[in-house]
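Chemist: Chains E and X are the protein sequences, given in the same order. This note's numbering puts the first sequence at residues 2 to 389. This note's numbering puts the second sequence at residues 64 to 213.
Among the hints, a few may not be true.
[What the hints assert, rightly or not] Restricting the straight-line Cα-Cα distance to at most 30 Å, the calculated cross-link-like pairs of lysine-lysine (DSBU-like) are:
hint: 1; chain 1: X; residue 1: K67; chain 2: E; residue 2: K190
hint: 2; chain 1: E; residue 1: K180; chain 2: X; residue 2: K187
hint: 3; chain 1: X; residue 1: K117; chain 2: E; residue 2: K180
hint: 4; chain 1: E; residue 1: K342; chain 2: X; residue 2: K187
hint: 5; chain 1: E; residue 1: K128; chain 2: X; residue 2: K187
hint: 6; chain 1: X; residue 1: K187; chain 2: E; residue 2: K192
hint: 7; chain 1: X; residue 1: K80; chain 2: X; residue 2: K117
hint: 8; chain 1: X; residue 1: K117; chain 2: E; residue 2: K192
hint: 9; chain 1: E; residue 1: K180; chain 2: X; residue 2: K67
hint: 10; chain 1: E; residue 1: K190; chain 2: X; residue 2: K187
hint: 11; chain 1: X; residue 1: K80; chain 2: E; residue 2: K190
hint: 12; chain 1: E; residue 1: K314; chain 2: X; residue 2: K187
Derived from the structure by calculation, the hints contain no laboratory data. None of the values given here were measured: they were computed from a predicted structure.
Here's the letter readout for the chains.
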Amino acid sequence: MGFSRTYEEINEKIKSGDVVVVTAEEMTRIVREKGEKKAAQEVDVVTTGTFAPMCSSGAFLNFGHTSPPIKAHRVWINNVPAYAGLAAVDIYIGATEPAADDPLNRIHPGLFEYGGGHVIQDLVSGKPVRLKAEAYGTDCYPNRFVEKTLYLKDFPNATLCNPRNAYQNYNCAVNLSSKTLYTYMGVLKPKLGNANYSTSGCLSPLLNDPLYKTIGLGTQVFLGGGVGYVIWHGTQHNPNVPRNERGVPKSPAGTLMLLGDLKQMSGRWLVGVSMLGYGCSLAVGIGIPVPILDEEMAYYTGVGDDEIVTQIKDYSFTEPEPLGEVNYAELKSGTIRIRGKEVPTVPLSSYVRAKEIAEILKSWIKDGRFLLTKPQKYLPGSSEPKVK
Amino acid sequence: MYAKVLVLRFPPDIVDKPIITNLVRSYNLTFNILKAQIFPRKEGLMILELRGNKNDYDRGLEYLKRIGVKVEPIGQSISRNEDVCLQCGACTAVCPTGALHIIRPDMEVVFDSERCSGCEWCVKVCPAHAMRVTFDRHMEEETSISQGSS
Ligand code: SF4
Ligand code: SF4
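Excised from the complex, chain X in its bound form (with noise of 0.2 Å):
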């Protein structure tokens, strides 16, 4: 199992095509929309997080290319709110990469966003919901703006 977020923007010409239909049909993926902002005869913007086997994917993501989709990864990012945190361990059991991790022997849980791989394990594992997943600043804005203007 493959998934990425990717931020999708249509040229005005193609918004009304079936394009996400095609991906599920044609190609096997599944999808989750994140956020969207679609209007007929403008570009059009979406957040989407695709996902499927990485063959699929790859294939997908090739045919949006191709119909003139500008397919770019967002800045997505694992954060812990730290008031929340009961500094457990629970997470521990599943961070693939360490970035989750106990300083002996006080026990202390610390979260190392450099060590992240995004996986979002611990953010359904967190007991607290401690662990959350946050989007790129920069892309917020960027979409909040769009909202704006429309």
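One chain only, chain E, in its complex shape (with noise of 0.2 Å):
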């Protein structure tokens, strides 16, 4: 293969301001248009994004020691339970878990209208929180019982840590039953009402790098509105599904574990969501650039919503099967066939807010702020890029 560049390369033209980005959508019509190995040449970077709920979130936090020491046992902020099983005054939040005294769905379906992710968008947004701490009391921490407000600034250390985020690829969710169903891909009508979908498509991160040849251990993102990085694969992280031709999974396939300061980050791209019936979440925006190393990542940047597919899931338990095969083209038509059924399709994921996100991307690497790192580690499944 011709023409190639290196992280170096590319980091000394974002310094001088020469560097080419585009987005993901944007380099899908590029490489239509030119062929991949003129748009390898022009482009130096391409950013991607996606923004929509993702459960396995939460943040670490360390309220910091009170006087006298308290060695926290149960911990709620703002009534929602956070997890207390470390050391002294560091807890995690999850962004599924309720309100202590949220009914749950003992009325379904329940609202769930607070939970983890609201509490931690309360917190990127300025707003004060109440915690409250109990503890059995120990020689070395004698005091049983804390409660204060709280602002993101009073915690000594804020860390957004997402055990699975960005996955490449997701089922389009459908209803066979004659019941609505109320999941965590949004309400399914009865008999093929709705064909629900959550990815961003040809914006979203891994489908650009199918297989992990750039996004690695080390790698620096654009998590929640401020800066993050990838610390590891994600849990779940399954490589090893069936691909297309171009590399592309036909269903859920890898995933990513992200990490950040809280600090930096904002209430627009950390949203706290209620899903109906279902529970509480956290909607993350996510964006990661992909370097055009050779011609090889502008081929894979390229690709186009009608290059990938993913699979028709029933979520009724009635039909174990895929109902079928659908490409990201036809999901966002607004209307599939399922059947012999014409089926209306909504979207979870915010397409609008991912374009904002990977035109934000866009601008920081341009604006010379934002570098891009090299993987210290691969993904597994990855196609190590070779030595140059």
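Hints given; two lone chains; assemble the complex.
Modeler: Written out as structure tokens, the structure reads:
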């Protein structure tokens, strides 16, 4: 393969202001018009984006030592339980934890008005939260109860740490049964009433680097409005699913574990959400830059919605096998055909906001504020680039 | 199931009667009081949502009118908080009228209040709580004035 460039060369261009950055959507057009060879020569970096509820998210918080000191045993923030099985004042608040007095699904479908995701959004939006901690008391930590109002700035440390984000592709969900289903994939009306999907398609980070050639441990990303990092492959990361001729997985595959300083993030890009009948969650904004190291990366980032397929899955447990395969251009058209029926499609992932993230990341790079990082270790299933 | 938000005006002479209890007992209706100003020997005002089957609802309304309660529908509408809306599209799964719909290929989710039937599906379904029920401005003012004068 002919053309190639290095991370160092790209970063030099970022510093000198000569870098050429385009969004993944723009790259699709460029590659289709000019071919990957020309596109690779012209474009240095492609920015991706996704903004959707991602349940496997949460934050490590250290709420500061008290006097006398406490070894918190049970902790609530705004009445949402946080995990306190860590050192004295370290806790983890998970996105899907509902408030302690939430009626849950006792009256189905439950509303799940407020939970861990909302606590995180309140914190990054600069709102005060009420923290309550109980302890059993020890000789070294005699305090048994603390209650205080805190702003994010009052926490000595606050780190967003999401065990599984940015799923590389996801099912299209339908309902074959005769009753409405309330799921993490939204409301599914009976008898194929609608088909819901949750991927930003051609803008989606891991669909632009399907074989994990550039996204790996240490990759610097846009996370929740701040800067974050890929710190590991996410839970349930499974690169070994069937792929198309472009290497793009045809069903859920890779995932990322992401981490970043919560204090840099914003309530626009970390949004607490309530999924009717399912629970609370957090919508997370993520953007990942893909360096165009060679023509191959131009080819991968040139992927279009019509070249990414996913499986149509029945969420009523009636039919275990997929009901068919559909591509994202079809899903985005508004209706698809399943078993001879016209079914309206419903996105759960915000394409408008995903595009905004890709644009923001583009401007960060163009302004020289964001450099690219070479992975320290590649993700499982990666066909690592050869040493040049 | 039929449901409507109504404004009830009670003349002073019947303010003390257990009218709402009768609605529940004799007409099988359930209610949710959204606002009430009722004082002995004064005209009372109540905004409530009545639910039940259409037949019971009509009979209940007849009963109210018969005993002298003035019944008016409230100007209730659905609005979207644009700052809160994530532009996801989840609401389009349930919106029966297409008031919430997607402009393609940009995938912009728009809310056209002209086409809204006020079913409130989206209020429960919107993950970001962007969809809200708001009452007629005129009505709100009127009730807050009567609140102030009492
Ligand atoms: S579900 Fe709510 S947040 Fe999503 S597009 Fe509709 S109104 Fe906006
Ligand atoms: S109230 Fe009903 S008709 Fe109006 S926008 Fe919401 S779902 Fe659509």
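Chemist: Going through the earlier hints one by one, which of them does the structure break, listed in rising order?
Modeler: Failing hint: just 11.
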